[in-house]
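Peer 1: Two chains, two frames, some hints: make the complex.
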Amino acid sequence: MNKFDKLVTNAAGRIVPTVINGKPAIPYMGVGKYKPEGFRAAPKIASCADYPADGNKVIPSLKEALLKAGLRDGITISTHHHFRNGDLVATQIFDIAHELGIKDLMWFPSASFPCHEPMTKYLEDGTINRIEGSMNGALGKFTSEGKMKGLGVLRSHGGRYQAVQDGEVHIDIAVIAAPTADPFGDANGVNGSAACGPLGFALADSQYADKVIIVTDNLIPFPCLPWQINGNYVDYVVVLDKIGIPEKIVSGTTEITKSPDRLLLAEWSAKFCDEAGLIYDGFSFQAGAGGTALSIGIYFSEILRERKWKARFARGGSNKYLVKMLEEGLVEYILDGQTFDLDGVRSMRENPHHTWTSPFTSYNYHSKGNFSSMVDIVILGATEVDVNFNANVVTHSDGYLLHGIGGWQNTLFGKCVILPIPLFRDRMPVIRDAVTTICGPGELIDVIVTERGIAINPLSTDLIEKMKNSSLPIKTIEELKAEAEKICGVPAKPKFADEVVAVVKWVDGTVLDSIWRVEG
Amino acid sequence: MIRIATTGNKGKGIRSDCFVTLELTDQGGIQLELESKVIVMYGDSIRKEALEILDFFGIKNARIRIEDSGAISLVLAARLEAAIKKVINTEKSWLPAMLEENLYTTAKEHNRFSRLYLPGNSPSLMINAGIHKPDGIILDLEDAVAPDKKDEARFLVRNALCGIDFYGAERMVRINQGERGLEDLEYIIPYNVNLILLPKCETAEQVHAVNNKITDIVTRHASHVTSNSSLVTRPASRVWLMPIIESALGVINAYQIANSAPNIVALAIGLEDYTADLGTRRTAEGTESFFARSMVVNAARAAGIQPIDSVFSDVGDMEGLRQNVLRSKALGFDGMGCIHPRQIVVIHETFAPTPDEIEKAKKIVFAFHKAQEKGLGVVALGTKMIDPPVVKRALNTINLALKMNKLAENWRESYEQI
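Listed in order, the protein sequences are those of chains A and B.
Its first residue numbered 1, the first sequence is counted upward by one per residue in my numbering.
Its first residue numbered 1001, the second sequence is counted upward by one per residue in my numbering.
Okay, chain B solo, but in the shape it has when bound (with noise of 0.2 Å):
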């Protein structure tokens, strides 16, 4: 093993991080050294934690250098442990406390309009990212690391799993592919995470691959706990999967894949690497992925399960992508993918029930509750027959709107005396 490790970033541009460089000696015991933007206020605090991290690793002579510019505990622990990992081999885990109010799980259906991309390796993304309130956050794993920061990213994913708040987001985590995609499971299966994104997904086996992995982790840690605090894990039932349509084989293959587990939830595309893959460029219009968009909407809708768009990447754009949520809502899309916060409000709004159309839907609900209350099997609008797959959709509607704080709950009431 290497003598010598670096972890982190520093330098310009970079905030609530850390660069640690650690250097394993034969004597002398630990020299540290710290330079820190908050060093009157958590000088002492960094100090000690850093010995505290060394001595549970068993480290008695090294050389430290630790360059901070205001990282959290949670995300100096990361770059210390991803920098012990590097120079000794250890099974122990160094893990921040779980909060309690990271707790939750996620239903099925819950609202997937927006999901937040966040890069694995940056933490001064993650603190905030909650309170944009994203129907779901990704700590990404995959592409927005670069390749020698994957194996640090995955102390700093884990740790942000347990101690960052994200105020109800659904927690989810781009995995890599292959090989490594299944390595990073074990970062993030024992800690909460709700949702798991496979990208370039292009056969049903890859998603077994997942969730065998899950089902080993799961067992694995039930029995054997090698850290500081206690692990809180999850049946692997209730760990979502949202494989990502990525290339024309998994475009050809998409119903299988969607239709593979009974933990899929959603199935998403990701146009950049399809449009590469055919050989062919991103345009607005979208006319080079109308078909894997529409067989991506197919292949969901005939599993049961959400079909969500992929991003939109300009993100000073606001109207073209006002206009791309439109599109996407028209194909039949649940949901899109997000890379900046702003672009949450205006997938929301738009993905949103219109005004019109809860209207509508609030008539066809009120007809459907009277025919219901008097015992009618037929749904009637003045003299017209509403079918019920226009009465389900109209109760969707009204529920996305109840939820989206578009509609009183009592709605109702105030309807019946009008």
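Just chain A, with the same shape it has in the complex (with noise of 0.2 Å):
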């Protein structure tokens, strides 16, 4: 089986395959262009004949609960990614699989971390064939220098239950690590030493999978409240000593920033949205997780608070910041799709107004609507923007996958996406006249906030408009790019071999870019 086959141009003008790990894939076609036919996948349909009446569904340990539920070669292996760098489950489903020598397994992760760089042993004896998912840092590597045996394909939060959803990726087991559990395996993620707020990344495992194992160091008896995840879907439950580390899930290392160039960005990205007007009582913002963006709710906050106006809601990753905006009664609602820190967890467990998302509410595009789409301020970040603001989340400059696309992709479809990036990072322009990889079509991008001025879309007319008079330094993308190619000069592009080693699917599941293989 090739990894990749029959390459076409698509509408992106990228070069990607239609055959992917042997199975067809279909070329972007353009945002809201590829329109989805036939039904949803759906899971077998189970009967509580063959499950305990007492409801206790525990197995003695995680090698048992994996080999009941079928593990064998070829299969698809999911994990969620809510426990970030602290995750020490992952890694332990391999460590099974290839002491009992399993292989060509493929691994589902809906994010992966530096913890699991253990997982590249893995890739290299064909215990794992491929990963789908993110591959970030020493994974990525590994991938752009052509090491993995399958193709890696790269989805959004919203891609992957979609790509589940719409049968695209089958999962045999999915092994859902939950801080807190009850023996019939109900589960959520806002008690337990573990703790970690929402368990939504793992919300289409739960539906769709054949086999679903929950795994918890704290486990109580029925019923576990709140169940954000449903016993109903589970197959078996695991109870082991530590399921994560503490301090690397909810690190509450994301501070606001203290770089004074990046505070600049903060505060001219929240000027630009006031000059536009897109502040208003009622208004809603995605918060993002990173100093700059964090910096810029605090300047939201300053805003709201001379106006005694409310943000009707914040679109989490939820932090401390946004939780104290919450409490001071600057924003109504927090829908939070991911909590990065204590007071994130402790909000979401007691403060009705701040509610778990999952990717089928927030970002599923193969749905009827979904709510990313109703945001008015979306703050993202890049690593590179080209001249048609097409921007890349995934490589960087010098061809390297390091990166995963997270919801980053999903949240696009927000009123006014904004980017507030440094023209240039020790001497990596930014803008280039073709990112290396797309992950996100210009066309849904307004605006990059750079240190030396201010780019708006030349599509974002509304925009364009408004700012005619603004105090700020508006200029074009190009005087941005030439502005950081006198410093920096102009950089050369890394030289790829005619290969494939992983693709960037669209959020309609649609092949938007190819990642090559770095000529090292």
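If you're looking for bench data, these hints aren't it; they were derived computationally from the structure.
Just so we're clear, the structure is a prediction, and the values are computed from it rather than from any experiment.
Just so it is clear, CB atoms sit at the ideal spot from N, CA and C, and this is done for glycine as well.
Among these hints, one or two may not hold up.
[To be verified] In the BS3-like style, the derived pairs of lysine-lysine whose C-alpha atoms are separated by at most 30 Å in a straight line are:
#1 K258(A) - K1362(B)
#2 K1406(B) - K468(A)
#3 K1012(B) - K466(A)
#4 K258(A) - K310(A)
[As the list claims (entries may be wrong)] The following residues of chain A were derived to be distant from chain B, with all beta-carbon distances above 12 Å:
#5 S61
#6 I245
#7 S259
#8 P260
#9 K308
#10 F360
#11 G399
#12 N457
#13 K468
#14 P473
#15 A492
Peer 2: Here is the structure:
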């Protein structure tokens, strides 16, 4: 089986395979152009007759649970990333598979972190054939160098839900690490020593996988409330001593930036929103978790407080800063996808106005709408942007794959998308003629805020009109690019081999771009 | 001379810099080893530039290792030249192109609310300094540079003066004390520096020595060019001086110093050294430095130049800074130093005339213009006579407000209608 086959040029002008890991794939056709047909996938019908009437699904070990669930060569195993860099479960699954001599597994995480670096040895020895999810850090480098057997597939959080729902990815075994669970398999992330907030990234897995295993280190008697994951989907429950490292799950290290350059980006971004009339009583925004985005939240707070306005809702990643806005009454609701610190977890546990969401409610493009398109202001990052406002979040200018997409693609559907990014980072210009990898089509990106000026997408004519007499330094994106290159010099492009190592999917499951093997 | 030299910085937290190890050899040509975080984008251009520079200085055989953390071209060149000049004697200089936008001059009465200190051997802090819009930037060759890095910092500061755009901020350099300070001038005077800060100034003679050296450099450079690009020189009269009073003796001689040369535009005070000299400590209230600060203000005003206050060193305490600026302004200072870009806004906002002050000044200036139109010698507001110094202060306030966009250019038109 070829990793990839039948390359074509898609609507974004990128060369992409139409056969991926032996299965057909549809090239990207444009925003909103691809219309799916048919029916959603469905798991097998289960019967209560096959499950213990006393509700006790506890199995003595993870290994036993995996074997009972049908662990064998070539299947797909999924995990979630709510534990971020403190995850102790995902690697254990593949330790067991390796020990049993199982080969050619597909790992389907909702994201990977540096703690998953040990997976490279299983990719090397053939235990794992490929990763479909995100390949961060060491895993990204491994992929970029063409060492992964299968073709990597990168999806957004919403795209992951879509792929499972549409039957594009079939999960054989879902392993859901849960900070608190009962013997029936009901589970949540708001209690327990590994508390992480919501468990939304595991929702599709629980609903669509053949077999679902809950792994917890805090088993409580039925009922486990709130039940973010319903035991009715669950086959087995496993109790381990420790499923996560709390200080790495809710690190709380994300603080308001102290970098003067980033504070300037934050200040200008907030000013831009204000001058463009995007902030009003009842508006909504997406609060990123980066230092710059957090600082923008502080500027928003000042504006809201002064005018006695409220945001109707804020989209999290939440942390103490957003919780403070909620508790001060500057924000009425937090719709939270993941929680970054203990203040966020506490607020979600105690405050009915702070609710967990899943990629289904927030991001899934193949559904009857979702709330990402209702958000007024979306603040995002990028590794590169090009003169057509296309943006990249997965590869760097040297060609290496280093990050996942996360919810980034999905939030592009917000009403005004703003990217505050430094014009260059240690001699690496951010604005390019063409991005190394397209993750987001330029037509969805409205504004680039840099420390040397702000560029508005020529397609966003309403914003251009509103900012005609702005006090901010509005420039064209070409001017900004020239300014960076005057300081840094014109960067050379990376050299790639004629070999696709991974693809970037668009939110509708079509193939947006290819990631090529870096020639070292 | 030594055969092996190192320059620059490397390691954790070092950005936009590079570390160069250069060893002269007797044969084998140039062996260049490059490690760079931007090797894909700039590896070829770094190699090319390094070879060009070695060739320019006539080095034929050497082992050179560059550990690069994203240094821009003028930083790389400064590091290389500094290393080369440790192992060979040469009169030549490798200069980056002088940016046309760096050819501005500043006026004697240039606004000097804020001047941002930039350590002279830290390129990462220089590149974006101008975007924070300080009134001036100071490339510091003195206390912010480690003793063993002072030589290499000169090349970096020189190259920064040529090739970094500070977006209109007054381009200042703080030189070292004594003989080293006079040598520093060779690296900055020909490159359109706007102002030189003289640390620990205690006598008028120190000022004269600096001015003599400046004249000497300008004369020499007019006839003698040994570099890869054309030099930009300025007459010495247009390089402003700001002596810094940092000792008891300096305080006592403050007026003499302030009055010692026509190109002195401001007198600053440095309180860390001053309090050490007194044998006391710096406190938040500043009682211990009240005399010195008042002396500096008086000396500067008597000489018709700007009195400038010391830095506020707690970069996290913006309210403390604001209080400090208010005290400073009340004592009569026209500005102060800052060590972090976030201090700039607070300093500008606090030194700027308040809305109240602007309103009062508008009334007085309006009355003044009315009196002039009517040919009256006396300015009156209602039944109250306004003294000329009050008018002068009001005119200053209005000028400042205009400069800081706190007042519309055409304010008098709208004022007339009220």
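Peer 1: Against each hint, give a clear statement of whether it holds in the structure.
Peer 2: Verification of the supplied hints:
Pair hint K258(A) plus K1362(B) does not hold up; C-alpha atoms about 39 Å apart against a cutoff of 30 Å. A distance of roughly 21 Å separates the Cα atoms of K1406(B) and K468(A); the hinted pair therefore holds under the 30 Å criterion. Of the pairs offered as hints, the one joining K1012(B) and K466(A) is violated, with about 44 Å between alpha carbons and a cut-off of 30 Å exceeded. Under the criterion of a C-alpha separation no larger than 30 Å, the hint pairing K258(A) with K310(A) is consistent with the structure, at around 27 Å.
Against the 12 Å criterion, S61(A) stays outside the reach of chain B, whose nearest CB is about 42 Å from its own CB. Every Cβ of chain B is farther than 12 Å from the Cβ of I245(A); the closest lies at roughly 24 Å, confirming the non-interface assignment. The beta carbon of S259(A) sits about 9 Å from the closest Cβ of chain B, which is not more than 12 Å, so the claim that it is off the interface is violated. In this structure P260(A) is not separated from chain B by more than 12 Å, as the shortest Cβ-Cβ distance comes to only about 4 Å.
At roughly 23 Å, the least C-beta separation between K308(A) and chain B is larger than 12 Å, which holds for a residue marked as non-interface. Once the 12 Å rule is applied to beta carbons, F360(A) is consistent with being away from chain B; the minimum gap is 39 Å. The beta carbon of G399(A) is not kept farther than 12 Å from every beta carbon of chain B, the shortest such distance being approximately 7 Å. Distance check for N457(A) against chain B: the nearest CB is about 23 Å away, which clears 12 Å, and the non-interface claim stands.
No beta-carbon of chain B comes within 12 Å of the beta-carbon of K468(A); the shortest separation is about 18 Å. P473(A), annotated as away from the interface, has a beta carbon of chain B within 12 Å; the closest lies near 10 Å. Not every C-beta of chain B lies more than 12 Å from that of A492(A), the closest at about 6 Å, which undercuts listing it as non-interface.
Checked against the numbered hints given earlier, this structure breaks hints 1, 3, 7, 8, 11, 14, 15; the rest are met.
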